[in-house]
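Peer 1: Below, each chain spelled out in residue letters.
Protein chains: 2
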Amino acid sequence: MMEDKEQSLTPLEHFGEFKLIKHLTDSFEIQNESTIKGIGDDAAVLNYKDMQTLVSTDLMVEGIHFNLAYTPLKHLGYKSVIINLSDIYAMNARPEQLLVSIAASNRFPVEALEELYEGIKIACKKYNVDLVGGDTTSSTSGLTLSVTAIGTASKDDLVYRNGAAEKDLLVVSGDLGGAYLGLQVLERENEVFKVNPNMQPDLVPYDYIVGRQLKPEARKDIFELLKKLQVKPTSMIDVSDGLSSEVIHLSKHSGMGFRIYEEKIPLDPMVIRTADEFGINPVTCALNGGEDYELLFTIAQSDFEKIKGNPHLTVIGHATEKQDGNYLLLKDSDAAVELTAQGWDSFEK
Amino acid sequence: MMEDKEQSLTPLEHFGEFKLIKHLTDSFEIQNESTIKGIGDDAAVLNYKDMQTLVSTDLMVEGIHFNLAYTPLKHLGYKSVIINLSDIYAMNARPEQLLVSIAASNRFPVEALEELYEGIKIACKKYNVDLVGGDTTSSTSGLTLSVTAIGTASKDDLVYRNGAAEKDLLVVSGDLGGAYLGLQVLERENEVFKVNPNMQPDLVPYDYIVGRQLKPEARKDIFELLKKLQVKPTSMIDVSDGLSSEVIHLSKHSGMGFRIYEEKIPLDPMVIRTADEFGINPVTCALNGGEDYELLFTIAQSDFEKIKGNPHLTVIGHATEKQDGNYLLLKDSDAAVELTAQGWDSFEK
Chain A
1 MMEDKEQSLT
11 PLEHFGEFKL
21 IKHLTDSFEI
31 QNESTIKGIG
41 DDAAVLNYKD
51 MQTLVSTDLM
61 VEGIHFNLAY
71 TPLKHLGYKS
81 VIINLSDIYA
91 MNARPEQLLV
101 SIAASNRFPV
111 EALEELYEGI
121 KIACKKYNVD
131 LVGGDTTSST
141 SGLTLSVTAI
151 GTASKDDLVY
161 RNGAAEKDLL
171 VVSGDLGGAY
181 LGLQVLEREN
191 EVFKVNPNMQ
201 PDLVPYDYIV
211 GRQLKPEARK
221 DIFELLKKLQ
231 VKPTSMIDVS
241 DGLSSEVIHL
251 SKHSGMGFRI
261 YEEKIPLDPM
271 VIRTADEFGI
281 NPVTCALNGG
291 EDYELLFTIA
301 QSDFEKIKGN
311 PHLTVIGHAT
321 EKQDGNYLLL
331 KDSDAAVELT
341 AQGWDSFEK
Chain B
1001 MMEDKEQSLT
1011 PLEHFGEFKL
1021 IKHLTDSFEI
1031 QNESTIKGIG
1041 DDAAVLNYKD
1051 MQTLVSTDLM
1061 VEGIHFNLAY
1071 TPLKHLGYKS
1081 VIINLSDIYA
1091 MNARPEQLLV
1101 SIAASNRFPV
1111 EALEELYEGI
1121 KIACKKYNVD
1131 LVGGDTTSST
1141 SGLTLSVTAI
1151 GTASKDDLVY
1161 RNGAAEKDLL
1171 VVSGDLGGAY
1181 LGLQVLEREN
1191 EVFKVNPNMQ
1201 PDLVPYDYIV
1211 GRQLKPEARK
1221 DIFELLKKLQ
1231 VKPTSMIDVS
1241 DGLSSEVIHL
1251 SKHSGMGFRI
1261 YEEKIPLDPM
1271 VIRTADEFGI
1281 NPVTCALNGG
1291 EDYELLFTIA
1301 QSDFEKIKGN
1311 PHLTVIGHAT
1321 EKQDGNYLLL
1331 KDSDAAVELT
1341 AQGWDSFEK
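Protein sequences appear in the order of chains A and B.
Heads up: the first sequence is residues 1 to 349, going by the working numbering.
Heads up: the second sequence is residues 1001 to 1349, going by the working numbering.
For reference, chain A alone in the conformation it holds in the complex (with noise of 0.2 Å):
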């Protein structure tokens, strides 16, 4: 039965690599009137006229990001084109245009590496970008995602990381900390199934964490609600880090300190649960944890009225001189804790 299964899938040597790009992209459609020129020249060719021009880049490694036994295909390729894609968002700027490079070992039929791209297809329709190059190549082992993510934003829309005032308040989308728990939901599943491969794990009490794991979304949302709102933030970056890692970005670039409120960092109930069962602090989560690709940023206190109430939108601190650095305020004390940077860091051991 399983060799009947495997004579039917198709070795990647089976197409050429020029035949493969084609097979793999030819149902994408192009969205964007920038797109001038998509796949099937030396390059492709974008017309943004007066606008100006992101591009944001990430490698993903397999073993080192992620790991097959638990992430579907279709959702890593997902994945990583909304890690490029939150970049962009995060400069405030629209994702226009994408370029996937593959390197994969004979050990991926084909129809693992079209998996793959169905999830970057879904991404594509889902955000509204075009698939407009990439390379696809072998390796000697496992699986390597290399994804550029290209957007346009006018001069007077761009947000960078070093705009933040003193007084501004420090704000962020949605909630934290889950990508982390939810990642280690699925270890301790897999840890589980090595040892007794017939036990089906229950994700279901799980199902939020681990969907923001392995299928995050970029906040598109949150930049199209800021637009309408008319908030232009004065700093933003993503949360791919951690919490922590992140503000201090934003210190580092816009020469001020950081106060944080422990008690206003948005927690999903299913976190501080899981974060509980897994004898955690579930804000350490938060801090350090990563992946999260929420929009972490800062506003003008007289925009405060603009996003008051708003339930996608969290006041979580504000800013401060620079020699005051950036501090952690914990609720059930007068104490406060300085932050560092101990977002996740693949050089480590």
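Any given hint might turn out to be false.
What the hints assert, rightly or not - For the chain B half of the interface with chain A, some residues (derived, Cβ under 8 Å), not all of them: (1) N1047; (2) D1058; (3) I1088; (4) G1142; (5) I1150; (6) S1154; (7) Q1200.
As the list claims (entries may be wrong) - Dumping the calculated BS3-like pairs for lysine-lysine here, alpha-carbon to alpha-carbon at most 25 Å: (8) K1037(B) x K227(A); (9) K155(A) x K19(A); (10) K252(A) x K1019(B); (11) K37(A) x K1252(B); (12) K1155(B) x K1019(B); (13) K322(A) x K264(A).
Unchecked claim - Distance ranges between label pairs, derived from CB positions: (14) D1324(B) x E224(A): 49 to 57 Å; (15) K1252(B) x K308(A): 56 to 64 Å; (16) E166(A) x K1022(B): 25 to 33 Å; (17) P197(A) x K1125(B): 49 to 57 Å.
I should point out that these hints are in silico values taken from the structure, not numbers from a laboratory.
Just so it is clear, CB atoms sit at the ideal spot from N, CA and C, and this is done for glycine as well.
Could you slot chain B onto chain A? The hints should help.
Peer 2: Same frame as chain A, now just chain B:
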């Protein structure tokens, strides 16, 4: 002695991810007006005004695209840039920005990545391109490089693969087959070295072709020459996979057939001599070897006078009706051989 040397090297985890990128790219200077913001925010910001934007990307994997036994890391960095710039020149456009992502296993010390970036930097300076982004991450094994190049051209200057018309002349820059034969020499010497590590290879008699393999150049000079001569090719591609494969690309995209003449294919004397030494036909090296990074293009017959006699350019054939197919006309007979795409394919076993 060896131990001493190794102890003085810096493990990758010495820097965090952010500091490593900063450390490796701090000395890169911005050279283009269009580069508004380089490394250091969520995305790079570029501004092209009314120009069209070109993007090209390539992935290079250790063990597939390069062998570090005989590839100095500085050369590898240089070459990874060249490959992408060549794609932009092949659109008759000017490269301006670059993104470089690297995944490296722990066997690479920081000094190895410094070497790699030194090569990238030399290429950036020589070709006036700005490094504006990238990602540095660890891998479970080996070294992977992903490079994306961005360029500009006015709409009128852009040259696609699809513009060749019947009777247009097919022109190639420089000479062909050298990079492939350089690789054969390097692989032979590597085998000798494995058997007898005290044997020092003498690469001097092969300097040109080994240079073509390890440190190729992109034909910026041809891009500039064509502008100066006021020749706009009707179609163009760069020779990365062998002449045969590239002619077929132009044929498919332009809906034309091509006839090329064996005796016209430009071959360096060292290519002829080394091919003879290896017992292979030098024309086969030109047709199927690849990695020469020359420009292959078509021009209207009326432009012939402008390029005639130029030592960098050789007319090797012409476009015919599509149904005539793509043929190589042999020099010592009336025979013609149909061109097939036997270019290098990373998925082939």
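Peer 1: Would you mind marking each hint as holding or not holding in the structure?
Peer 2: Structure-based check of each hint:
no.: 1; hint: N1047; verdict: 5 Å, holds
no.: 2; hint: D1058; verdict: 5 Å, holds
no.: 3; hint: I1088; verdict: 6 Å, holds
no.: 4; hint: G1142; verdict: 6 Å, holds
no.: 5; hint: I1150; verdict: 7 Å, holds
no.: 6; hint: S1154; verdict: 11 Å, violated
no.: 7; hint: Q1200; verdict: 29 Å, violated
no.: 8; hint: K1037(B) x K227(A); verdict: 23 Å, holds
no.: 9; hint: K155(A) x K19(A); verdict: 40 Å, violated
no.: 10; hint: K252(A) x K1019(B); verdict: 13 Å, holds
no.: 11; hint: K37(A) x K1252(B); verdict: 16 Å, holds
no.: 12; hint: K1155(B) x K1019(B); verdict: 40 Å, violated
no.: 13; hint: K322(A) x K264(A); verdict: 22 Å, holds
no.: 14; hint: D1324(B) x E224(A): 49 to 57 Å; verdict: 54 Å, holds
no.: 15; hint: K1252(B) x K308(A): 56 to 64 Å; verdict: 59 Å, holds
no.: 16; hint: E166(A) x K1022(B): 25 to 33 Å; verdict: 26 Å, holds
no.: 17; hint: P197(A) x K1125(B): 49 to 57 Å; verdict: 56 Å, holds
The structure shown violates the earlier hints numbered 6, 7, 9 and 12.
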